[in-house]
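Colleague: From first to last, the protein sequence lines stand for chains A and B. Per the numbering used here, residue 997 is the first one in the first sequence, and the count goes up by one each step. Per the numbering used here, residue 860 is the first one in the second sequence, and the count goes up by one each step.
Some hints here could point you the wrong way.
Stated by the list, open to error - If you want a taste of the chain B side facing chain A, the calculated C-beta under 10 Å gives, among others: (1) 882; (2) 884; (3) 885; (4) 887; (5) 891; (6) 893; (7) 895; (8) 898; (9) 900; (10) 901; (11) 903; (12) 906; (13) 915; (14) 925; (15) 929; (16) 941.
Simulated from the structure, these hints should not be mistaken for lab results. Since the structure is predicted, the reported quantities are computational estimates derived from the model, not experimental observations. Here a beta-carbon is modelled for each residue, glycine too, at the ideal position from N, C-alpha and C.
The primary structure of each chain is shown beneath.
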Amino acid sequence: MRAETTFLRLGPFTAALTTAFTGVVEALLRLYPAHFIARQADFADFHVSLLPGKGARRFFRRQARFLIDGHENFTPLPADQALPLVEWGLNYAIAGMAHQYLIVHAAAIEKNGRVAILPGAPGSGKSTLTAGLVHRGWRLLSDELALIRRDDGRVVPLARPVNLKNASIDIIQAFAPGALFSAKVRDTVKGTVALMRAPDESLARVDEAASPAWIVFPQWRADAPAIFTPFSKAAGLVEMGHHAMNYSLHGAAGFERLASLFESCGCFRFAYGKLDEAANAFDALAAAA
Amino acid sequence: MSAVIRLERNAAAEIWRVSDEVRWRLWDGEAVAYNGRTGDTHHFADFAAWVFGRLCIAPASCRSLARDAEDSVELRAGGAVGETITRTLALLQRLQIVEAVA
Chain A
997 MRAETTFLRL
1007 GPFTAALTTA
1017 FTGVVEALLR
1027 LYPAHFIARQ
1037 ADFADFHVSL
1047 LPGKGARRFF
1057 RRQARFLIDG
1067 HENFTPLPAD
1077 QALPLVEWGL
1087 NYAIAGMAHQ
1097 YLIVHAAAIE
1107 KNGRVAILPG
1117 APGSGKSTLT
1127 AGLVHRGWRL
1137 LSDELALIRR
1147 DDGRVVPLAR
1157 PVNLKNASID
1167 IIQAFAPGAL
1177 FSAKVRDTVK
1187 GTVALMRAPD
1197 ESLARVDEAA
1207 SPAWIVFPQW
1217 RADAPAIFTP
1227 FSKAAGLVEM
1237 GHHAMNYSLH
1247 GAAGFERLAS
1257 LFESCGCFRF
1267 AYGKLDEAAN
1277 AFDALAAAA
Chain B
860 MSAVIRLERN
870 AAAEIWRVSD
880 EVRWRLWDGE
890 AVAYNGRTGD
900 THHFADFAAW
910 VFGRLCIAPA
920 SCRSLARDAE
930 DSVELRAGGA
940 VGETITRTLA
950 LLQRLQIVEA
960 VA
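Based on the sequences and whatever the hints tell you, model everything.
Modeller: Laid out in structure tokens, this is it:
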């Protein structure tokens, strides 16, 4: 196998991915628009590699290793998990290096020029909600990492595949039958995962930053009615700080950015159990603005 | 077992103010403060938010805070107002959010 380099556009960034895993490159070609992927580019923000395992292990269990600038920060994974490893690794690279932004572990979606930022811990239903809403008229800005510009607080799109896990995969496939998915990858540390391609409209508008209007902390609970509950801005800021990947790094400027954000946004907790009801509730929120 | 928090200096005799390194916002009776000295962000509610918010407006003594408190808020904790303010100031001082004016 001969390693080749592919340049992949990730919102405002370009990653140079060098790999001999041809299946991964083919999967990326299905998950990203053709013009986001190139064999040549003048510049790359991140240089990453996906390499086969080394040592004797490679003879009886194929592995994939992910390196950023030549450094291996991850435990090798079975080769059949190479695609999610690339996506997770790219998130890691962005979160660890793109400090020109305040980066929050959050989804971000937009409607009528207004952005809802959805910070959420794993298991909160953030990605499921996001995947559903972007098939109901909301634009995907990000599923995992909300990039907030430090100067004006606008959210910069990082429209990439949405990472869905376990039951969420079937839920979204039923909710949005036209959505494009990677093959399911089983037995990962997160269970079964699949990547959903971002809707074409979100990809086409990847250069359009937008201003936040709402900060919504989602929480999925079986059979919970879809309800927005006003949430303390002071408590919300502290919670959002916990979800920010580089808040501490930005110091007082990071606090001022978050504080300005909360000053200008509505702050809510959002419980939901059914996607249809959640989509209706979000549409009502957008309509009332 | 309850911890005893004491002010490092004589609270009654001092004027207290928010430290220069602290940035804050006050929203709906709650406060959030960033301490540039420690890098910590704090959320204050209830009486702590009131005391902090009062010091954000202007430096004040324990006595004047107690006087204002008796006029404007109901204390949940019971006990003497001055004692509660002293305890709150001690907490804020320990977090390096407030300091005695030199």
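Colleague: Each of the hints needs a verdict: does it hold here or not?
Modeller: These are the hints, each one checked on the structure:
1. 882: Holds, because the Cβ-Cβ distance from residue 882 of chain B to chain A comes to roughly 6 Å (cut-off 10 Å).
2. 884: holds (5 Å)
3. 885: holds (8 Å)
4. 887: This hint holds: residue 887 of chain B lies near chain A, its Cβ roughly 7 Å from the closest one there, short of 10 Å.
5. 891: holds (4 Å)
6. 893: holds (4 Å)
7. 895: holds (5 Å)
8. 898: holds (6 Å)
9. 900: holds (5 Å)
10. 901: holds (8 Å)
11. 903: holds (8 Å)
12. 906: violated (15 Å)
13. 915: violated (13 Å)
14. 925: The hint is violated - residue 925 of chain B has no Cβ within 10 Å of chain A, the shortest such distance being about 24 Å.
15. 929: violated (25 Å)
16. 941: violated (26 Å)
Hints 12, 13, 14, 15 and 16 from the earlier list are contradicted by this structure; the remaining hints agree with it.
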